[in-house]
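Which chain is which? The protein sequence lines are D and F, in order.
FYI, numbering that gives the first Met the number 0 numbers position 34 of the first sequence as 33, with every residue one higher than the one before it.
FYI, numbering that gives the first Met the number 0 numbers position 214 of the second sequence as 213, with every residue one higher than the one before it.
Worth flagging that the hints you see were computed from the coordinates, not collected in a lab.
Computed from a prediction, not measured in an experiment: that's the story for all the values here.
Be aware that one or more of the hints could be misleading.
Derived BS3-like pairs (lysine-lysine); straight-line CA-CA distance at most 25 Å [as the list claims (entries may be wrong)]:
1) D:K38 - F:K158
2) F:K301 - F:K363
3) F:K347 - F:K246
4) F:K298 - F:K363
5) F:K416 - F:K426
6) F:K434 - F:K446
7) F:K426 - D:K38
8) D:K56 - F:K301
9) F:K347 - F:K428
10) F:K434 - F:K416
11) F:K426 - F:K446
12) D:K224 - D:K214
13) F:K416 - D:K38
14) F:K503 - F:K363
15) F:K301 - D:K38
16) F:K428 - F:K416
17) D:K38 - F:K503
18) F:K446 - F:K416
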Amino acid sequence: MGRYILRRLVQGVITVWFIATATFFAMHNVPGDPLQSDKAVSPEIRANLEARYGLDKPLMEQYFIYLANMARGDFGISFTQQNREVNDIIAEHFRISAALGILAVAFAALGGILWGALTALYRNRLPDIVIMLLVILGISVPGFVFAGLGQLGVVNLNAALGFTLFPVGGWGTVSHMIVPALVLGLGTMAFLTRLMRSSMLEIANADFLRTARAKGLPANRIFRKHQLRNAILPVVTVLGPSIAAITTGGFVVELVFAIPGLGRYFVQAVQQSDYTVIMGTTVFYGAFLVFMVIVVDIIYGFVDPRVRLE
Amino acid sequence: MAEGVVGGARAPLDRGALLQLLGLGLAGVVGLGALLAVLALWTGSGAADGVDVATGTVTLALSEEPPQLDATRTTDQVSGRILGHVMEGLLRYDARNQLVPGVAESWEIGETAATFRLRADAVWSNGEPVTAHDFVFAWRKALDPANASQYAFILYPLKNGEAINRGQLSPSALAARAEGDRTLVVELERPVPYFAKLLAFPTYFPINEAFYRSREGRYAADAEDLLYNGPFTIARWVHGASVRLEKNLRYWNAGAIRLNAIDYAYITSDANAALNFYKDGKIAMTGLNSENLGDALQKRWKINRFADGSVFFIEFNYRPGRVTRSYHLRRAMQLVNDPAELVYRVIKVPGNLPGESLFPVWLKGVNGYFRQEYPAPVTRLNEAEARRHIELAREELGLAELPPLVMLTGDSDTANKQSEYYQNVFKRKLGLEIKIDRQIFKQRLDKMTAGEFDLVMAGWGPDYDDPMTFGDLFASWNENNRGRYKNAELDAAVDVARSSMDQKIRMDAMAVVQRILHEDAVVLVNYERGSAYVSHPQLQGVVRRAVGTDPDFTHAWIEAPGQSGIPPPARADAAGAE
């Protein structure tokens, strides 16, 4: 077990190094750089700026400086938020994205398992057809549509009620989280519903269930011990990457609901060619994703004793 | 997953067990919901209304987090908007856009020297007096090459300023010195007729040296890393989330400030989201653009508009080898350029004006407005004439067929409409093939700087309130002259206008520039941008302007609800009430 985890961690570090290297060179090969601004600057000021940010050095030298700094956990100072360290930006804004993401995944998992079980129960009957139709909508409609509609819904709801039930946006209290988390979780909920449905149906036909029934085990026990535990396995598998995906992919929802999450910085950094923030957020998100996958693999070993961690 | 193997006839699951699961799930949902509801009630929604008469607070949204509040290094609008409320330079603009005393209570500006007498009651938010040394320190800092300020050029009128910025002299060589705490003596490089107007610009704001040094490189990084001398202070700054300004009780003119707080409670660049906040009554004002305008029109709100100062145009590339060097080609495009059609039938955002000149209508001339004193030359649309010029261009260039032209443009909604409109017009009317090169912001700037375009959709926002802020744009030495246009007559006119102290001579020279830009078809002006916005009826006295802090809430106030029907007092009423 210990050796397995160690090996996975080493693989993880290599993956992150690869992400960092690819991002670094891709970013420097895109035309434009963070020092470009609306107003042209004289060659002297341009040179001063390059010297200030170390962009005057050869690219390979910049790369090794960058790797050395990264190894020490220092991502430098943002180009657009010029007085802030990238580390501060990640620390301050990731927990907001994470809080929103975890709530969204909680909604998604709860809803996905519930709806999935329901559709399996009513297979090919009206509830199944209606829910699966909604699921297809949930998977295919992009997030910004849900975000916009969700916000408009809140505006209209508040107007109809005459008081603020949910805030239209912003951040700071629990009520700020609910609508954005629901919106953010919708796509994943739809995906999990489908997964849960097929998983339930597949297992319902499995040999070991027939055997259990034949042995005369009580239905509830069969359900809890054999059916549910097995059916939920694929859901658990995708949950880890889902948390990572939702936490990193909340850009649109964060923008629409004016939430100061990291997703916004992630996307805006690319638009602004903000080298340090691009590197910091990409490597951080990469590491986070790798870490989540490892965690899920380990949890998997507990949920399913057939998986041996060796 | 292979669900096909399940027989339809058999009930796949035990119904009792499933109901049990559903019960559990339902309990989970209800439990989670109840928990959230309790927490929500406990913490409250925390959202204030757009205007609050009782507390004198106006709540607003910002389009982005202020990127740089160090006045020596700031370049953007949002930071400028915050700084304009929390800092003050030697002079400031009042509600009628007149220059009025700021930290300086009196001043004399001559041809090559200026003296400022600082008021005794101007203090920093920590109680220390604002002194002449604070200006000297800030200006040296802004010009110091190590500080790498992108707006250092605006301090070049100060003697030795440019040499310091180019690293030829040390910052201490700046010819600005403090004679005691309250007298600032400045020498100028050359006569600068608009010097007084520069003094209200953020790069000219003072900085307390001791405080700056005490922050050890974190100056302006957070609310407590700044010292304020303006009408407001930053009371709370939650990065990415909110910036709250509160009245600065130590401000020398605090008695004239009527708002207690300006709360930028939301930060989002999504115009639709901002409009939703406005609909919900959570913010008092928001801008309208092509994305959210339709929605606002449907609500039949009163839509305000004003010229935001920027002018948008198509610039040509004059580098060797570019066909756009041909006068006849440019003239042909000029003869089919119909800005009115673009503004009213394509962009359709209220407030925009069809572009007739690079010099926008709001610029002041000798006594009145520049454009009234020196009307823009008129282009009469003429397709036949334009086609004749295309033929001449082909002869001039010695080409049987004109090659496709690359039109570099941004990726905004307006830029898309605009570039596609011109692609269509030039194709239909002149038979010109236009290839649109759409780039995101920094990439577009990079290509503009490198000269990788034939035509580029560009724009220019003013830095100071003088025609020169547009007038020198196509001077051969200007780095912003991205197409590298070069014309000795234009250069000479710019030179006259930037060194003469006689306003009539200067404006005559600017009129020469205006004429050359038209006659030589140097640039195709598209539109003067206007901004449309909605504003809470109780919020009064907000100043919108083309140059400087915008929107300016310094002199704003909130009326009691009953009074909102009464027309607001003249804006003049808010100016320097003391």
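Status of each hint after checking the structure:
1. D:K38 - F:K158: 23 Å, holds
2. F:K301 - F:K363: Measuring from Cα to Cα gives roughly 29 Å; hence the hint is violated.
3. F:K347 - F:K246: 39 Å, violated
4. F:K298 - F:K363: 36 Å, violated
5. F:K416 - F:K426: It holds: about 15 Å lies between the C-alpha atoms, which stays within 25 Å.
6. F:K434 - F:K446: 15 Å, holds
7. F:K426 - D:K38: 32 Å, violated
8. D:K56 - F:K301: 55 Å, violated
9. F:K347 - F:K428: 22 Å, holds
10. F:K434 - F:K416: 14 Å, holds
11. F:K426 - F:K446: Given pair K426 of chain F, K446 of chain F holds - Cα atoms ~24 Å apart, limit 25 Å.
12. D:K224 - D:K214: Holds, at roughly 14 Å.
13. F:K416 - D:K38: Holds: K416 of chain F and K38 of chain D sit about 24 Å apart, inside 25 Å.
14. F:K503 - F:K363: Answer holds: K503 of chain F to K363 of chain F is near 12 Å, not above 25 Å.
15. F:K301 - D:K38: Roughly 35 Å separates the two Cα atoms, so the pair is violated.
16. F:K428 - F:K416: Since the Cα atoms of K428 of chain F and K416 of chain F sit roughly 18 Å apart, the hinted pair holds (cutoff 25 Å).
17. D:K38 - F:K503: 29 Å, violated
18. F:K446 - F:K416: Roughly 21 Å separates the two Cα atoms, so the pair holds.
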